[in-house]
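If you use the working numbering, the sequence shown corresponds to residues 200 to 455, in order.
Worth double-checking, as some hints may not be accurate.
To be verified - With a Cα cut of at most 20 Å, we get these calculated SDA-like pairs of lysine to any residue:
hint	residue 1	residue 2
1	LYS289	ALA241
2	LYS289	PRO387
3	LYS289	SER230
4	LYS289	GLY391
5	LYS289	GLU382
6	LYS289	THR335
7	LYS289	HIS255
8	LYS289	PRO219
9	LYS289	PRO386
Said to hold, decoys possible - Pairwise CB distance ranges, derived in the manner of DEER restraints:
hint	residue 1	residue 2	range
10	TYR237	ARG285	30 to 36 Å
11	GLY356	ALA394	38 to 44 Å
12	ASP351	ILE223	48 to 54 Å
13	GLU417	ARG365	25 to 31 Å
14	ALA264	GLU217	39 to 45 Å
15	ALA394	ASP282	20 to 26 Å
16	ARG373	GLN258	25 to 31 Å
17	GLU405	SER338	17 to 23 Å
18	ALA241	ARG299	19 to 25 Å
19	GLN258	ASP295	27 to 33 Å
20	GLU265	ARG373	21 to 27 Å
21	ALA361	ARG261	32 to 38 Å
These are calculated hints, taken from the structure and not from any lab test. By construction, the Cβ of each residue, glycine as well, lies at the ideal position given by its N, Cα and C atoms.
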Amino acid sequence: MQALTGVLALSALVVAAEPPRVAITVHADRSRGAVSPYVFGAGIDHKTNPMRFCRHPEQVARDIAESHLRLARYPGGFVYARDDHRGSWKNFYWQDHIGRNPDGRPFYTYDLDTFLQMCERFAIEPLMQINIMSETDASIRGYIEYLTGAGDRDGDGVDWAAVRRRNGRQEPYRVRFWQLGNELHDPPQGFGGSAEGARDYAAAVERLAPMIRGMVPEARIVVPLINIERPRSGMARPEAAPGKPDINLASSAEFA
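With the hints as extra help, turn the sequences into a complete structure.
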């Protein structure tokens, strides 16, 4: 996992050093080229829909369009607490979040289809999180099939694409970005903040990445990183997860 090892080693160096002093000079009259659309994104929380009861939904829609947001994550933060019961807002199972908006009202509820259709409306790339702590591999394959399949792609006898069509969406969605888990250093959501936890997560990545790529050849695998300003023990040590991970991107969630 040379790429991940390099990132973790850099994290350890930054933590050990003195906090850097940063100065930013803005030259508003100079252009240095386009900013990557993947530098900044947003998390869409399945638990609450800020547009559901807003007084001026069309103004919200205009604001979204004017923001030029290009990447949005679903279902949001702290959603995979395996110690909590299924159906809890803290334990997200994708099967519980389909077919909840049968009339397709765009400002009603963020089930899977409503979220993805919102992304299509505003030309936003969806970043879909995968519950790797509680869902089985078969369930994860069903999740991918529901979103991107044209039939029983994994051959398990369950056609989740047909379920999607019954829920009103005929064509598969285009989903390229898939995030494995959420805050993996947090024991309820992950493997624990230790070297052993890092190795367990690495093993999960090695198991799941080929499965995802087999169903979505253009998949971009995303792993969440620990906030380097708040290290959580051995999971940030480079020797914790040796090898070469089959990943494309790392994400970092910052809270304002």
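- Task: Tell me, in ascending order, the numbers of any earlier hints that this structure violates.
- Result: As far as the earlier hints go, 3, 7, 8 are violated by this structure, in ascending order.
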